[in-house]
Amino acid sequence: MILSPLTMFQMVGALLLFMGTICIIYRRTFIGMLIGVEIMLNGAGMSLVAASQLTTADSATGQIGALLIMGLAAAETTLILAIVLIVYKRFKTIESDKVATLRG
Amino acid sequence: MELNTGYIAFALYTLIIIAGGILAIFSRSIIRSLIGLIVILFGVAGMYFLMAAPFMALMQVMIYVGAVVVLIFFAIMLTGVEGNEGFSSSRLIRSIIPAGLAALVLILTISGSRINFTSPEELPLKELGKSLLSTYMLPFELISIVLFIAMAGAVVLGFERRREKE
Numbered sequence: 006m007i008l009s010p011l012t013m014f015q016m017v018g019a020l021l022l023f024m025g026t027i028c029i030i031y032r033r034t035f036i037g038m039l040i041g042v043e044i045m046l047n048g049a050g051m052s053l054v055a056a057s058q059l060t061t062a063d064s065a066t067g068q069i070g071a072l073l074i075m076g077l078a079a080a081e082t083t084l085i086l087a088i089v090l091i092v093y094k095r096f097k098t099i100e101s102d103k104v105a106t107l108r109g
Numbered sequence: 207m208e209l210n211t212g213y214i215a216f217a218l219y220t221l222i223i224i225a226g227g228i229l230a231i232f233s234r235s236i237i238r239s240l241i242g243l244i245v246i247l248f249g250v251a252g253m254y255f256l257m258a259a260p261f262m263a264l265m266q267v268m269i270y271v272g273a274v275v276v277l278i279f280f281a282i283m284l285t286g287v288e289g290n291e292g293f294s295s296s297r298l299i300r301s302i303i304p305a306g307l308a309a310l311v312l313i314l315t316i317s318g319s320r321i322n323f324t325s326p327e328e329l330p331l332k333e334l335g336k337s338l339l340s341t342y343m344l345p346f347e348l349i350s351i352v353l354f355i356a357m358a359g360a361v362v363l364g365f366e367r368r369r370e371k372e
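Taken in order, these protein sequences are the chains called A and B. Under this note's numbering, think of the first position of the first sequence as 6, with each following residue one higher. Under this note's numbering, think of the first position of the second sequence as 207, with each following residue one higher.
None of the hints are false.
Covered stretches of chain A (in silico footprint by chain B; criterion: 3 or more residues with CB under 8 Å from a CB of chain B, positions within the stretch not fixed):
{"no.": "1", "region": "68 to 76"}
{"no.": "2", "region": "83 to 93"}
Computed Cβ-Cβ distance ranges for the label pairs, DEER-style:
{"no.": "3", "chain 1": "B", "residue 1": "VAL361", "chain 2": "A", "residue 2": "ARG95", "range": "15 to 21 Å"}
{"no.": "4", "chain 1": "B", "residue 1": "VAL276", "chain 2": "A", "residue 2": "ALA62", "range": "31 to 37 Å"}
{"no.": "5", "chain 1": "A", "residue 1": "PHE96", "chain 2": "B", "residue 2": "PHE279", "range": "18 to 24 Å"}
{"no.": "6", "chain 1": "B", "residue 1": "GLY292", "chain 2": "A", "residue 2": "ALA62", "range": "43 to 49 Å"}
{"no.": "7", "chain 1": "B", "residue 1": "GLU327", "chain 2": "A", "residue 2": "LEU107", "range": "52 to 58 Å"}
{"no.": "8", "chain 1": "A", "residue 1": "ALA105", "chain 2": "B", "residue 2": "ALA273", "range": "28 to 34 Å"}
{"no.": "9", "chain 1": "A", "residue 1": "PHE96", "chain 2": "B", "residue 2": "ALA273", "range": "24 to 30 Å"}
{"no.": "10", "chain 1": "B", "residue 1": "VAL276", "chain 2": "A", "residue 2": "PHE96", "range": "21 to 27 Å"}
Rather than coming from a laboratory, the hints here were simulated on the basis of the structure. No residue lacks a Cβ here, since even glycine has one placed at the ideal position from N, Cα and C.
Okay, chain B solo, but in the shape it has when bound (with noise of 0.2 Å):
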């Protein structure tokens, strides 16, 4: 009986996520495009919940909804453009050909594929900082450094105006 339970989560949020990829897709202006994208995250942070990795479903509300669509709603802010765009069916159907190919293929990899699962656990929080800390030391170090790198490769892009000038 419990795990009807989480069959029926799992649909629900699939179901969620099919919605907001469609809202994302197919609305004419950008931002509520963005909403569909913000609808898709919410989806996923449930499918982490559901696989017992709830500090998964906390960052990834807080760093994509709290960080990346905040980011991308500047963008459209600044750029003040309503993105007004037609359905169109040639476009549409230029689209789904390479996106069908590389999920059939994907698809039938997995379907393929036989391992067995084990029902899932819990992660202590402890655990995952310890092996951050540990073994995940470098790549723990290198991603600040990326993150640092693109901050500033943003800020001198924004500050191109200024040098052309001279």
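So here's chain A without its partners, still in its complex pose (with noise of 0.2 Å):
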């Protein structure tokens, strides 16, 4: 059996969306997690163009919903490297498991 190339793009979607859980989950500074969410929004992006692209829907839609999603991916990327810096200040580590205080 051949897929179709339409489903061999989100397969690939999928696959991106599983190695990034992966990353956010196994890795343990925040750093490593950012590099997973970084992945898991490059597949969403991919599996947008590739729908918009090979279907009958209007080509435009997808490329720019990627476009946001990039600019998007862009701006989450800023304020949590702000506050890994801030982790860093108060706890000296970016080890998740290690930031475990809380205080009022």
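Hints given; two lone chains; assemble the complex.
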């Protein structure tokens, strides 16, 4: 059985989601988790463009959607990196298991 | 015959993505993990070329590799964390179960759907710009506000130490 190209592209999107989720849970540092989030967002953008390019849907919709995902990923990265710097200043580590102190 | 070349290229890009994923997940040092992310990004850029969207491939390389990866690299440099992570199989199993569950649901949904596909054709850049400035005007303006707020928030968080002294 040979799959249609659209299905194959969506399968690669699912593979990217799989690897991103593993990366988020497996890595111990916040930056490693951020890398996992970027992998997942990439898979989302790719399957969006594939769905718009390979069907009769409007191609511009999918491409602009993926561009907006890229912009949001850049904004999200900026904020998370600022948070990582604050956490590093306070705890002297960015390992998620060790940053477990709550103080009002 | 031309179709076969496309399938070979697809398999090649998929292998590149899988190799990058393995590097990103299992490497001990965090810089190598970042290199794995870059490999994945180039693989996905190749996928964009394969589905006749070269502009998206260009944007992928420019925004992700040019901006996001450099930002993450700066964070690694500023925190100075090497992140020596050993391999732990129990942690891997704990992460594969939820990831596999999510991917399984997604794959079952995808393989159950029956959508006729058309062969992709390149969208002229002119069309993309036109719809960006007419139909998708509001999201386009909103993303600039979101970016501005994120940058302002990052600057405010960066100056937090100075406020604590007062």
